[in-house]
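Asker: Chain by chain, the residues run as shown.
2 protein chains.
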Amino acid sequence: MVGEGAYRMMQDNRAELEKKVGIPFEVVRIAVRDLAKARSAPSHLLTDDPFSVVNDPQVDVVLELIGGLDPAAKLVETALLNDKHVVTANKELIAKHGSRLVSLARDRKLDLHYEAAVGGGIPLIQPMKHQLAGNEVLKMMGILNGTTNYILTKMFNEGAEFSTALAEAQACGYAEADPTNDVDGFDAVYKISILASIAFGQQAPFDQVHREGIRAVSKADMFYAALLGFRIKLLGIVEPVENGRILARVHPTMIPKDHPLASVNDVYNALWLNGDFVGDVMFSGRGAGANPTASAVIGDLIDVGRNIKIQGPASAIPYGPYMEMASMDDLITRYYIRVLATDRPKGLGHIAMTFGDNDVSLAAMELRPKSDSNAEVVFLTHPAREVAVQRTLSQLKEQGNVQEIASCIRVEA
Amino acid sequence: MVGEGAYRMMQDNRAELEKKVGIPFEVVRIAVRDLAKARSAPSHLLTDDPFSVVNDPQVDVVLELIGGLDPAAKLVETALLNDKHVVTANKELIAKHGSRLVSLARDRKLDLHYEAAVGGGIPLIQPMKHQLAGNEVLKMMGILNGTTNYILTKMFNEGAEFSTALAEAQACGYAEADPTNDVDGFDAVYKISILASIAFGQQAPFDQVHREGIRAVSKADMFYAALLGFRIKLLGIVEPVENGRILARVHPTMIPKDHPLASVNDVYNALWLNGDFVGDVMFSGRGAGANPTASAVIGDLIDVGRNIKIQGPASAIPYGPYMEMASMDDLITRYYIRVLATDRPKGLGHIAMTFGDNDVSLAAMELRPKSDSNAEVVFLTHPAREVAVQRTLSQLKEQGNVQEIASCIRVEA
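Those protein sequence lines, which keep their order, are chains A and F.
When we follow this note's numbering, the leftmost residue of the first sequence carries the number 1, and every step to the right adds one.
When we follow this note's numbering, the leftmost residue of the second sequence carries the number 414, and every step to the right adds one.
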């Protein structure tokens with residue numbers, strides 16, 4: 001998909017590209033999985049052996065647009081060892097091996113760019129490395145996955161349940177048959193790890209990023225979010241916490257309806273960043289799709305081409321090895337909690353007392369009877385410690401009048 | 414102001430900057446207008462002779478943060494001729510002399526960066542030159558002036574008239590005592606010329622950019638905008654028109670309330686861009702102020718420093734000499750027109766006929782009696798030629814029942 005887009009962009013805008021770079025690009029060889037499939041590129045350029053591309057002495061720059069680790073990791077490494085510049089759109093590869101591969105490129109005086117790995121066509125990575133680089137990043141929050149944003153938008157606007165909205169997303173081609181990578185937050189975890197690595201100069205271990213997907217978000221939560229003046233988005237969030245470490249997390253989040261991220265809907269992505277000097281800045285656009293992703297790939301290719309033309313030194317900016325990250329126990333934020341409870345004397349009092357016993361103070365409460373004998377109770381807390389909230393929830397589960405902790409969604413104000 | 418911000422940023426984030434660049438920055442000399450004024454920088458660095466800075470053999474990089482043409486133009490030119498890299502925040506200088514100065518820098522293998530000249534802290538210029546450079550730009554629309562956006566936001570939210578909102582902006586320090594540069598659109602013209610030059614690779618002559626400020630926007634227009642589902646923003650707009658030329662214009666514009674630019678309020682700036690591959694992309698943030706502007710200046714300085722460290726060739730990307738631009742006669746868009754008319758038999762019919770006589774077709778009309786004898790009539794047209802609309806307005810002015818063409822605001826959909 002992205003390879004097809006990148007090829008078309010190089011053809012459609014050929015004259016402009018040559019003008020901007022100062023030298024022409026020529027596509028030498030294209031590796032595809034299925035040689036029989038119809039493509040824009042002439043068939044004599046095609047091969048089904050990707051290693052023939054990265055080993056071809058004629059090739060100066062490799063665009064790795066396969067995705068996944070195998071064989072992409074080996075291909076990128078081989079390309080670099082063969083002294084070829086690399087442009088990749090592969091978030092998993094960069095999230096897992098970015099520090100090592102960028103250092104390898106740098107040592108070999110090669111470029112390795114990956115603007116398309118996060119936010120599709122939206123310029124994010126290079127602006128953070130360059131124009132915003134003087135700032136201490138105080139917080140980043142991003143809508144980094146278009147599929148889940150589409151589903152959440154549908155749920156909010158149409159009062160649809162998750163399963164219905166997912167089915168629609170699949171019908172429109174916005175979600176895959178197996179939607180795990182998107183709806184369970186893996187995709188967003190890779191992306192926020194990359195952004196954290198750039199912002200804080202060391203590789204953020206993706207497996208220390210807290211991950212929750214959107215399967216548990218329900219129509220009822222959307223209803224209460226609207227009632228309380230919020231929207232629910234799957235956000236990737238990174239910030240330094242009290243102990244000086246960096247906390248990175250991906251989870252459904254309630255944000256005020258007038259926050260700039262709240263009106264980023266459908267398949268659009270966005271990154272909101274707060275820096276000590278720049279203040280708030282936000283980038284938004286199409287975070288996926290063949291053409292927007294190709295836009296970022298070709299942008300990187302232009303920079304590689306300019307560097308080849310002027311015989312400049314490698315411009316890839318390396319970041320350090322793994323940082324030790326903060327855990328969710330270090331989080332302090334506000335929480336929205338929805339509880340199904342039987343309607344007993346002192347029942348609500350017991351629930352409210354449990355919050356207080358754990359030092360979790362309440363900012364708002366909404367009680368709605370569901371039947372003669374039970375009720376839905378929604379709590380909005382003041383800023384509280386994650387550990388204290390989790391302890392509260394465990395204790396509530398043990399209480400006789402609590403039927404279910406229906407949901408717990410973190411709130412960013 | 415910006416100089417003070419840049420100095421503080423270099424001090425506050427000194428360790429991080431050195432880590433990111435690989436070499437430390439040292440402030441050698443600071444030229445100020447008034448040596449007596451209290452400043453963050455130690456007094457032994459200060460001088461009131463700016464030429465002593467650009468002629469100092471110890472200086473590698475000059476940050477030009479004075480603004481205006483005199484003596485800034487001479488200073489930047491002298492710095493370049495003395496083989497110093499330059500970072501400037503000066504929109505007027507770049508709008509008027511950008512092509513010449515960037516070429517001079519390039520010829521002398523020097524960097525000349527000016528990210529801060531447009532959009533303050535928001536990364537705009539470099540992302541257009543790099544990450545988005547593979548796209549053919551189909552349209553750009555920007556809120557490029559914080560003062561006017563603050564005034565228009567106040568007018569919309571509080572139903573204030575222009576003069577009241579301007580007075581408040583002046584009281585808050587968002588507007589100057591002489592607000593001409595902002596409210597009459599000069600500032601936005603410089604900025605949109607720079608963006609047009611980058612997007613289309615040739616210097617856009619700023620004096621061929623159509624300019625209308627916001628003085629004529631009234632409370633009544635804000636009322637009708639809301640009624641029709643629009644917001645009014647002062648936009649800089651650039652796009653290729655039918656004859657292949659580039660049309661650039663700054664004027665109050667009605668945009669649909671769900672357009673991403675519509676919710677960019679107060680002193681925030683934003684640029685919305687549509688490219689042939691990337692689709693829609695938007696950048697927003699603080700477009701002015703000492704700290705956000707310093708963020709962009711220091712971002713440029715970091716790139717200059719990295720280039721000095723690796724002894725790379727100049728990375729400034731030049732653009733060609735002046736392009737011939739399209740005129741407003743080539744514009745086709747929708748129009749909102751508000752007319753005060755006396756209430757006579759066939760009066761409205763005559764007005765409506767005049768639009769039709771000029772091939773301007775109407776999409777919506779709203780008539781509100783103002784008194785027993787006159788009424789306010791608001792028209793929203795379908796896309797029409799600017800010349801046809803201007804001819805319509807001239808003819809309407811001659812009609813006996815038309816008291817006043819109270820306003821004509823272009824609409825972008």
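By construction, these hints were calculated from the structure, which means they are not laboratory data.
Among these hints, one or two may not hold up.
Unchecked claim - For lysine to aspartate or glutamate, the following EDC-like pairs were computed, each having C-alpha atoms within a straight-line distance of at most 20 Å:
1. K433(F) <-> D276(A)
2. K783(F) <-> E737(F)
3. K432(F) <-> E324(A)
4. K552(F) <-> D12(A)
5. K20(A) <-> D520(F)
6. K139(A) <-> E789(F)
7. K20(A) <-> D689(F)
8. K219(A) <-> E366(A)
9. K309(A) <-> D520(F)
10. K670(F) <-> D266(A)
11. K432(F) <-> E16(A)
12. K20(A) <-> E429(F)
13. K487(F) <-> D520(F)
14. K722(F) <-> D107(A)
15. K432(F) <-> E136(A)
16. K433(F) <-> D107(A)
17. K670(F) <-> E779(F)
18. K19(A) <-> E817(F)
19. K19(A) <-> D689(F)
20. K346(A) <-> E324(A)
21. K257(A) <-> D679(F)
22. K670(F) <-> D107(A)
23. K432(F) <-> D276(A)
24. K139(A) <-> E429(F)
25. K552(F) <-> E16(A)
26. K19(A) <-> D671(F)
27. K19(A) <-> E549(F)
28. K257(A) <-> E737(F)
29. K632(F) <-> D462(F)
30. K433(F) <-> D12(A)
What the hints assert, rightly or not - Chain A regions said to be covered by chain F (calculated; three or more residues, Cβ under 8 Å):
31. 285-292
32. 304-313
33. 380-393
Note that beta-carbon positions come from the ideal geometry of N, C-alpha and C, so glycine has one too.
Asker: Please go over all the hints and tell whether each is borne out by the structure.
Answerer: Each hint, compared with the structure:
Only pairs whose Cα atoms come within 20 Å are accepted, and K433(F) paired with D276(A) is accepted, the gap being roughly 16 Å. Our distance criterion of 20 Å between C-alpha atoms is broken by K783(F) and E737(F), whose separation comes to about 46 Å. Taken as a hint, the K432(F) and E324(A) pair is honoured in the structure, with Cα atoms around 19 Å apart against an allowance of 20 Å. Under the criterion of a C-alpha separation no larger than 20 Å, the hint pairing K552(F) with D12(A) is consistent with the structure, at around 18 Å.
Between K20(A) and D520(F), the direct Cα distance comes to roughly 17 Å. Compliance with the 20 Å bound is thereby established for this hinted pair. As the CA atoms of K139(A) and E789(F) are separated by approximately 50 Å, the hinted pair breaks the 20 Å bound. Using a Cα cut-off of 20 Å, the hinted pair K20(A) and D689(F) holds, with the two alpha carbons roughly 16 Å apart. Only pairs whose Cα atoms come within 20 Å are accepted, and K219(A) paired with E366(A) is accepted, the gap being roughly 16 Å.
About 15 Å separates the Cα atoms of K309(A) and D520(F), which keeps this hinted pair within 20 Å; it holds. For the hint linking K670(F) to D266(A), the alpha-carbon distance of about 17 Å falls within 20 Å, and the restraint holds. Taking the CA atoms of K432(F) and E16(A), the gap is about 37 Å. The hint is violated against a cut of 20 Å. Between K20(A) and E429(F) the CA atoms are separated by roughly 33 Å; this puts the pair beyond 20 Å, and the hint is violated.
Between the alpha carbons of K487(F) and D520(F) the distance comes to roughly 18 Å, so the proposed pair stays at or under 20 Å and holds. Note on K722(F) and D107(A): the hinted pairing holds, with a Cα-Cα distance of about 15 Å set against a maximum of 20 Å. Proximity of K432(F) to E136(A) is assessed by CA-CA distance (about 13 Å); at most 20 Å being required, the pair is judged to hold. A distance of roughly 17 Å separates the Cα atoms of K433(F) and D107(A); the hinted pair therefore holds under the 20 Å criterion.
A distance of roughly 19 Å separates the Cα atoms of K670(F) and E779(F); the hinted pair therefore holds under the 20 Å criterion. This hinted pair does not check out: K19(A) and E817(F) have alpha carbons roughly 51 Å apart, beyond 20 Å. Annotation: proposed proximity of K19(A) to D689(F) holds, straight-line Cα distance about 17 Å (limit 20 Å). For the proposed pair K346(A) and E324(A), the alpha carbon gap of about 45 Å is over 20 Å, so the pair is violated.
Straight-line distance between C-alpha atoms of K257(A) and D679(F) comes to about 17 Å, which keeps the hinted pair within the 20 Å bound. For the hint linking K670(F) to D107(A), the alpha-carbon distance of about 51 Å lies beyond 20 Å, and the restraint is violated. The straight-line distance between the Cα atoms of K432(F) and D276(A) is roughly 17 Å, inside the 20 Å bound, and the hint therefore holds. Pair hint K139(A) plus E429(F) holds up; C-alpha atoms about 17 Å apart against a cutoff of 20 Å.
Simply put, K552(F) and E16(A) have alpha-carbon atoms about 17 Å apart, close enough for the 20 Å limit, and the pair holds. Annotation: proposed proximity of K19(A) to D671(F) is violated, straight-line Cα distance about 37 Å (limit 20 Å). Straight-line distance between C-alpha atoms of K19(A) and E549(F) comes to about 12 Å, which keeps the hinted pair within the 20 Å bound. For the hint linking K257(A) to E737(F), the alpha-carbon distance of about 45 Å lies beyond 20 Å, and the restraint is violated.
A threshold of 20 Å between alpha carbons decides the hint, and for K632(F) with D462(F) the separation of about 48 Å lies outside it, so the pair is violated. Annotation: proposed proximity of K433(F) to D12(A) is violated, straight-line Cα distance about 37 Å (limit 20 Å). For the region 285-292 of chain A, the assignment as covered by chain F holds, since 5 residues bring a beta-carbon within under 8 Å of that chain's beta-carbons and 3 suffice. Check on the region 304-313 of chain A: 5 of its residues sit with their Cβ under 8 Å from a Cβ of chain F, so the three-residue criterion for coverage holds.
Note: the region 380-393 of chain A has 0 residues with beta-carbon separation from chain F under 8 Å; the three-residue rule is not met and the coverage is violated.
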